[in-house]
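Trainee: Going line by line, the protein sequences match chains F and B. Under numbering that gives the first Met the number 0, residues 0 to 250 are what the first sequence spells out, in order. Under numbering that gives the first Met the number 0, residues 0 to 443 are what the second sequence spells out, in order.
Honestly, the hints are just simulated from the structure, not real lab data. Since the structure is predicted, the reported quantities are computational estimates derived from the model, not experimental observations. Beta carbons: idealized from backbone N, C-alpha and C, even for Gly. Watch out, some of these pointers could steer you wrong.
EDC-like cross-link-like pairs, simulated, lysine to aspartate or glutamate; straight-line CA separation at most 20 angstroms [stated by the list, open to error]:
1. K386/B to E88/F
2. K99/F to E162/F
3. K107/F to E73/F
4. K99/F to D432/B
5. K386/B to E73/F
6. K342/B to D324/B
So the derived label-pair ranges between C-beta atoms look like this [to be verified]:
7. G36/F to G382/B: 26 to 34 angstroms
8. T60/F to D387/B: 24 to 32 angstroms
9. D55/B to G125/F: 55 to 63 angstroms
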Amino acid sequence: MLSIRDLRAEVDGKEILRGISLDLAAGEVHAVMGPNGSGKSTLSYVLAGRDGYEVTGGSVTYEGRDLLAMEVEERAAAGIFLAFQYPVEIPGVSNLTFLKTAVNAVKKTRGEAELDALDFLKLARGKASTLEMSDALLQRAVNEGFSGGEKKRNEIFQMAMLEPRLAILDETDSGLDIDALKTVADGVNALRSPDRAMLVITHYQRLLDYIVPDRVHVLSGGRIVKSGDAGLARELEAQGYAGFVGEAASA
Amino acid sequence: MPTADIERFNRAFAAASAELPGHGNAEVARLREAAMARFASTGLPSRRDEGWRYTDLRRLDRLDPAGLTGRIDGETVAALPDALASLDAHRMVFVDGRYEAALSAHGALPAGARLDVLSAHLGNGCEDAASILGTGLAEWNGAGQEGLAALNTAMTRDGVLFELPAGARLEKPVLVLHLLTGKAGAVHPRNVLRIGPGAEADVVEAFIGLTGSGGWSNSVFDGAIGPGGALRHVALVRQGEDAVHTGRMSMEVERDARYAAQVLTLGGRVVRNEFVVRLSGPGAACGLSGGALADGRRHVDHTTEIAHAAPHTESEQVFRNVADDNARTVFQGRVVVERDAQKTNARQSGRSLLLSSGAEAQNKPELRIFADDVKCSHGATVGDLDKDALFYLRARGIDEAEARALLTRAFVADLLTLLPVEAARTAVEEAVDGWLRRAVDEDG
Ligand SMILES: Nc1ncnc2c1ncn2[C@@H]1O[C@H](COP(=O)(O)OP(=O)(O)OP(=O)(O)O)[C@@H](O)[C@H]1O
Ligand SMILES: [Mg+2]
Numbered sequence: 000m001l002s003i004r005d006l007r008a009e010v011d012g013k014e015i016l017r018g019i020s021l022d023l024a025a026g027e028v029h030a031v032m033g034p035n036g037s038g039k040s041t042l043s044y045v046l047a048g049r050d051g052y053e054v055t056g057g058s059v060t061y062e063g064r065d066l067l068a069m070e071v072e073e074r075a076a077a078g079i080f081l082a083f084q085y086p087v088e089i090p091g092v093s094n095l096t097f098l099k100t101a102v103n104a105v106k107k108t109r110g111e112a113e114l115d116a117l118d119f120l121k122l123a124r125g126k127a128s129t130l131e132m133s134d135a136l137l138q139r140a141v142n143e144g145f146s147g148g149e150k151k152r153n154e155i156f157q158m159a160m161l162e163p164r165l166a167i168l169d170e171t172d173s174g175l176d177i178d179a180l181k182t183v184a185d186g187v188n189a190l191r192s193p194d195r196a197m198l199v200i201t202h203y204q205r206l207l208d209y210i211v212p213d214r215v216h217v218l219s220g221g222r223i224v225k226s227g228d229a230g231l232a233r234e235l236e237a238q239g240y241a242g243f244v245g246e247a248a249s250a
Numbered sequence: 000m001p002t003a004d005i006e007r008f009n010r011a012f013a014a015a016s017a018e019l020p021g022h023g024n025a026e027v028a029r030l031r032e033a034a035m036a037r038f039a040s041t042g043l044p045s046r047r048d049e050g051w052r053y054t055d056l057r058r059l060d061r062l063d064p065a066g067l068t069g070r071i072d073g074e075t076v077a078a079l080p081d082a083l084a085s086l087d088a089h090r091m092v093f094v095d096g097r098y099e100a101a102l103s104a105h106g107a108l109p110a111g112a113r114l115d116v117l118s119a120h121l122g123n124g125c126e127d128a129a130s131i132l133g134t135g136l137a138e139w140n141g142a143g144q145e146g147l148a149a150l151n152t153a154m155t156r157d158g159v160l161f162e163l164p165a166g167a168r169l170e171k172p173v174l175v176l177h178l179l180t181g182k183a184g185a186v187h188p189r190n191v192l193r194i195g196p197g198a199e200a201d202v203v204e205a206f207i208g209l210t211g212s213g214g215w216s217n218s219v220f221d222g223a224i225g226p227g228g229a230l231r232h233v234a235l236v237r238q239g240e241d242a243v244h245t246g247r248m249s250m251e252v253e254r255d256a257r258y259a260a261q262v263l264t265l266g267g268r269v270v271r272n273e274f275v276v277r278l279s280g281p282g283a284a285c286g287l288s289g290g291a292l293a294d295g296r297r298h299v300d301h302t303t304e305i306a307h308a309a310p311h312t313e314s315e316q317v318f319r320n321v322a323d324d325n326a327r328t329v330f331q332g333r334v335v336v337e338r339d340a341q342k343t344n345a346r347q348s349g350r351s352l353l354l355s356s357g358a359e360a361q362n363k364p365e366l367r368i369f370a371d372d373v374k375c376s377h378g379a380t381v382g383d384l385d386k387d388a389l390f391y392l393r394a395r396g397i398d399e400a401e402a403r404a405l406l407t408r409a410f411v412a413d414l415l416t417l418l419p420v421e422a423a424r425t426a427v428e429e430a431v432d433g434w435l436r437r438a439v440d441e442d443g
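Construct the entire structure; sequences and hints are all you get.
Mentor: This is how it looks when you write it as structure tokens:
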């Protein structure tokens, strides 16, 4: 589904991604772990198409298409979803208006029928209640004044509404209390299916207890320095990154 | 202003004066002559005049100051925005400055109330010409140059006279529609309001230029709200592509009375709307808000002057301007707190959004405080759309044009929250969304 080949990218002239290769097949969940500043969010932004990240080398193929040539909204319509590490507050735009516009925009691009106000509301209410999101949060302006945990929950809610094919979750577990973590993980697991894939960026083993990954990659200094199965995450939790970062340097 | 230009206006006045409403009434003729003389002494405002630094009326140099004339037909009515056409209101319609009974729907009013065609009060034997064409606040020099209002006094043909007696309340809003159909010439609509003690009313004014119309509309909305009364006022300005619009809204607000007003400008080549408010009795309050949505090469100027002339008075101003393409917007808000106006509270917020690199915005808040026990605040910002928000929306599949429209609408959301006349909400939202769609379509 997703094939990243020797991807290099810089921000403000500074090289952040220094040759990343990664293959993610439909049905798989991969975890990306790594120290602060190692380039995890940068990778997620490059995949989502954010301005200001200049790709200087390599390629990304998504379902046979050159992902890097696609506009941000085209990528979303093609099924890519990024749950932001820091969701953006948008005063003056209600959560529901925002989501309805998004859901219908994606449907339109896919040539599907748009939802009318009533059907949309029914769908939104249903998904929100599974994620224990209150009606008040749906009515409020997008993320404005939301607590850290509410923002993360809102990301997963949007994901549930948009039903992406490739979900990139950037530290969706940070800032969640234990119960919320469980709810969010359930939300993610509900979307797991043989034709979907997920890239889960996290610092903590705990999330991976709920969302068990097929592969774990350790990112350090803009490179994947080690990959392994779910056991690698537990190793990291026990030992920290020091050993792996060292390995990379000597490799 | 060069003498030759003054002469142009003098000739137009001389040519029209024999047929302007009230020409047979000596008092009216005297008031008009005097007003014309005041206009001649100042001429049109220029950028050298205080308060006019950012707005240039030189387009009027090429304009024929004679009256606009247009024709009325099915198209005129069909061109009205749906929500305005269907608004349940006491409706008074003027086409190119002339009252159009066939398009109006006066409706029943409470006892003692009057909603009349202004010209009916200027004829021979009418006694109240002086108060209608009087030079109260309408020509008050607070905001700088008063030539435009003087010219309106001299040349006005019509408008409404709206009076509510003490304690009266209207169920429905008064809707005053000024339609422009002509391409050249000028109209000087004048609406005069007197809201009695404890009386309350909603007034919606709309200045709509039909497709292809131009010319110049120079309006005055002049009134007073008696003690404990309330007036809620919305002015929607959507003139034609080439039109110049100058409008002055002046209001005297007496003890414990409230004036809540919002002006929205969505069309016109050069537009200047002025609010002049005097809080003249203790406890008087006003809330002014306004928005300009300007694209193409339009220039929109919203200028206010609020005088706190009594203690315990309160004012709040919220202005939001959006400039796209090569448009320019101006917000000038002046608050004057007179010496006796202790315990005054004045707040002002002016924000401008630039949607393209060719757009420009000016924000000029100004406080003149002569009392010592007052609370005044102002904030002014000019900025672009939030790039992070834009990316967030696009990352959810919303295309760039629509994302920009959503964020622009969010920027003016404060205005919709403050909209004084609830009945006008659909019409206002329709107008705002129509503008956004058009601006987005043109960019996309
Ligand atoms: N606009 C920018 N200008 C300069 N450096 C930047 C910019 N954006 C990101 N960086 C740098 O790129 C590096 C990688 O950042 P990134 O956000 O991808 O890290 P991360 O792995 O997600 O870290 P964390 O675990 O703290 O979220 C950091 O050193 C960061 O300071
Ligand atoms: Mg990060």
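Trainee: Compare the structure with each hint and give your call.
Mentor: Verification of the supplied hints:
1. K386/B to E88/F: holds (12 angstroms)
2. K99/F to E162/F: Within the cut-off at roughly 14 angstroms; holds.
3. K107/F to E73/F: holds (11 angstroms)
4. K99/F to D432/B: holds (17 angstroms)
5. K386/B to E73/F: holds (18 angstroms)
6. K342/B to D324/B: Distance ~43 angstroms between K342/B and D324/B Cα, so the pair is violated.
7. G36/F to G382/B: 26 to 34 angstroms: holds (30 angstroms)
8. T60/F to D387/B: 24 to 32 angstroms: Cβ of T60/F to Cβ of D387/B: about 28 angstroms, so the range 24 to 32 angstroms holds.
9. D55/B to G125/F: 55 to 63 angstroms: Holds, since D55/B and G125/F (Cβ atoms, about 57 angstroms apart) stay within the stated range.
Of the numbered hints given earlier, the model fails hint 6 alone.
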